[in-house]
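Q: As a plain string of letters, each chain reads:
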Amino acid sequence: MLKGRDLIALADLSKEEILYILDTAESMKEVLTRDIKKVPTLRGKTVVNLFFEPSTRTRTSFEMAGKRLSADVINFSPATSSLVKGETLKDTAKNIEAMGVDAAVVRHKASGACRYLSKVLSAPVINAGDGIHEHPTQGLLDLFTIREKKGGIEGLRVAIAGDIYHSRVARSDIHGLVKLGAQVMVAGPPTMIPPEIESMGVCVVPSVDEILGEVDVVIMLRIQMERQTSPLFPSMREYSRYFGLSMEKIKDGMAKDLLLMHPGPVNWGVELSPEMAYYSNNLILNQVTNGVAVRMAVLYAVIAG
Amino acid sequence: MTKENRRDWLIKGGLVIDPPSGTMEVRDVLVERGRISGIAPQISKEGVSIIDARGMWVVPGLIDIHVHFRDPGYEYKETIETGLKAAASGGFTQVCCMPNTSPVNDTGAITLYMREKAKKVKGPLLYPVGAITKGQKGETLAEIGDMVENGAVAISDDGHPVMNSETMRRAMEYASHFGIPVMDHCEDKNLSADGLIHEGLVSTALGFKGIPSASEEVMVARDICLARLTGTRVHLQHLSSKGSVELVRWAKNMGLPVTCEVTPHHLTLTHHAVETYDTNTKVNPPLRTEEDRQALIEGLTEGVVDCVASDHAPHSLKEKDVEYDLAAFGISGVETALGIVLRLVQEGKLSPLRAIEAMSTSPARIVGLDGGGLGVGQPAHITIIDPEKTWEVKPEEMLSKGKNTPFAGWKLKGKAIITMVNGEVVWEAR
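Taken in sequence, the protein lines are chains H and D.
Residues in the first sequence are numbered consecutively from 1, following the working numbering.
Residues in the second sequence are numbered consecutively from 1, following the working numbering.
It is possible that some hints are incorrect.
To be verified - In silico lysine to any residue, SDA-like type, Cα no more than 20 Å apart, as pairs: (1) D:K318 / H:L121; (2) D:K320 / H:N281; (3) H:K90 / D:K318; (4) H:K109 / D:D325; (5) H:K109 / D:K320.
Please keep in mind that the hints were generated in silico from the structure rather than gathered at the bench.
This structure is a prediction, so every number in the text was calculated from the model and none was measured.
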């Protein structure tokens with residue numbers, strides 16, 4: 001279904017294609033529970049991780065996913081590359097491709113960089129996060145995690161709260177959730193709500209506090225200080241008070257069902273108060289575990305089909 | 001049809017479209033020694049070359065008051081020679097080139113260099129626009145008098161607008177002494193910082209930092225206030241938003257000395273064009289919404305918008321075949337401008353007279369150039385247009401070094417077939 005295709009954005013995928021990846025990820029997750037966590041599916045295939053921006057989770061997750069499928073995984077790091085000699089992104093990528101790769105996993109600080117590379121490279125490009133555009137495998141693993149807990153996505157009410165403007169995760173989550181029939185609400189300080197976000201099929205609510213009792217899932221986003229070029233809020237202290245989530249905001253009766261997710265890394269004490277680490281429905285580490293299964297499914301889908 | 005270096009012509013049987021006199025009728029036009037010597041239904045004259053213009057439009061030479069020819073400094077993108085050749089093929093007889101060269105045109109010597117280099121080219125007349133401030137840095141005034149003496153017709157810090165309103169005020173006051181208008185690229189650089197495309201639903205979906213319309217509008221409003229304060233003529237460059245048009249409408253109703261231009265691309269494309277990720281859609285000001293586009297067309301139709309200017313901004317592949325956020329802003333537009341404006345005529349949005357007025361008569365008036373009309377005794381700056389000629393925009397065939405057009409593959413109807421400057425044919429379609 002997706003063999004040979006790029007995975008740049010969930011905006012590009014149909015509902016059927018998303019479900020196909022999620023279903024494939026379920027069998028992959030089963031592999032991860034085995035004593036020997038490796039299958040020969042991609043033996044002889046080469047996956048290159050082109051990470052032009054720092055990453056812990058996503059790069060390790062893709063590397064592990066590739067290795068679990070027996071692919072050779074090469075990691076590229078810009079600090080030790082010819083990029084520091086001024087080589088362009090296009091030339092760097094084409095040179096690496098010329099060595100023979102079956103898929104390129106790309107992270108870049110510029111929105112659209114993966115789309116650009118997908119036009120330049122003949123191997124499939126998998127977007128591991130481009131600027132503030134999309135992070136489709138994070139979106140898929142969030143869908144997988146929610147579906148695993150709730151049994152389905154259709155009809156769920158999901159809140160995404162925090163720095164929507166700078167969040168590629170939010171954009172991928174929104175596309176995925178809306179396509180699978182969830183109702184999505186976004187909340188955050190008005191400085192962090194991008195203009196006309198309603199055109200993506202969501203509604204904007206002033207505060208996540210007000211809707212905690214009505215939603216099934218709340219996805220809290222990281223404050224991305226490194227992407228802010230002008231002041232969007234006055235202080236961490238004030239942010240946590242008005243826009244963060246703490247146990248005292250979760251009233252009796254909510255906690256049983258309300259799922260908490262976060263794409264990591266968490267700024268504890270800012271968007272989440274520290275005690276939220278011990279919240280019973282905190283799925284943050286489930287997301288990380290599922291990330292490997294979902295990325296195995298994606299690598300399998302675009303390389304082997 | 002024509003011979004080189006002749007300056008005597010009888011242009012027979014064309015539809016003369018002359019906005020100053022309101023003429024739109026079939027006329028013969030006689031050109032002698034580089035000047036228009038007669039316009040009448042039937043002219044006979046021995047010893048002059050005949051141009052058969054039946055079925056053609058004969059219009060006052062087109063004028064583009066906003067081009068970037070990159071010379072001196074960025075000759076790999078464009079030179080005065082290639083820029084003038086491209087402009088000639090687009091039907092232009094006179095152009096005004098912006099000062100963001102390297103070095104910046106902020107002194108008479110650079111202005112003179114541009115003029116002298118242009119004189120060696122058989123092509124449109126070139127009038128430099130000098131910088132407002134030294135190095136376009138927005139700090140101290142450039143040598144405005146020196147530049148005017150050497151041929152500058154206006155000043156602008158285009159692309160690096162003067163943010164300090166006090167500096168802008170003094171520049172306007174000082175410029176008024178030399179009788180030139182002050183042009184401004186209206187952009188609040190704080191509001192637009194790091195922006196790539198129009199701020200709206202497309203920037204939200206693609207994850208691009210947006211450039212809000214307000215970044216243009218606050219500066220339009222400021223400049224209008226300064227025009228009122230100083231009485232200096234202000235020309236607002238490449239307006240892109242509905243709000244800007246409304247502000248200019250207000251200023252004109254107040255009788256303030258404000259004029260403005262729009263580009264062919266803002267009249268034609270919206271921010272949805274960016275969804276292709278084609279870096280040739282990256283332009284400043286950005287392509288905005290359909291509502292903005294309609295407001296620009298309406299403003300042009302009713303005259304709130306005075307003229308069309310191409311903002312011809314050639315770039316090489318080095319600037320355009322890169323990630324969208326690294327790509328340079330700009331569209332190579334001097335060869336497509338006429339075809340795009342004629343599209344609006346064909347759609348019934350603009351009358352032929354208004355279209356020619358916006359591309360010749362108004363720009364001549366704004367910067368005080370000869371031309372813009374076909375009056376007897378005027379220099380023979382004439383463009384002959386085949387209104388029925390259909391052609392496809394092919395970047396590889398463009399004469400400009402800059403192939404960066406978002407209109408590649410577009411089929412356009414109407415093209416300049418002869419461009420005449422002072423009676424000399426500087427370009428002729430094969």
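Q: Has the given pair, K320 of chain D with N281 of chain H, been kept, meaning a C-alpha gap of at most 20 Å?
A: Distance ~48 Å between K320 of chain D and N281 of chain H Cα, so the pair is violated.
Q: For the pair supplied as a hint, K90 of chain H and K318 of chain D, is the alpha-carbon distance within the 20 Å limit?
A: holds (11 Å)
Q: Would you check the hint for K109 of chain H and D325 of chain D, treating anything up to 20 Å between C-alpha atoms as holding?
A: holds (10 Å)
Q: Would you check the hint for K318 of chain D and L121 of chain H, treating anything up to 20 Å between C-alpha atoms as holding?
A: The hint holds at about 18 Å.
Q: Is the hinted pair K109 of chain H and K320 of chain D satisfied, with a Cα-Cα distance of at most 20 Å?
A: Satisfied, since the Cα-Cα distance of roughly 18 Å is no more than 20 Å.
In summary, the one numbered hint that this structure violates is 2.
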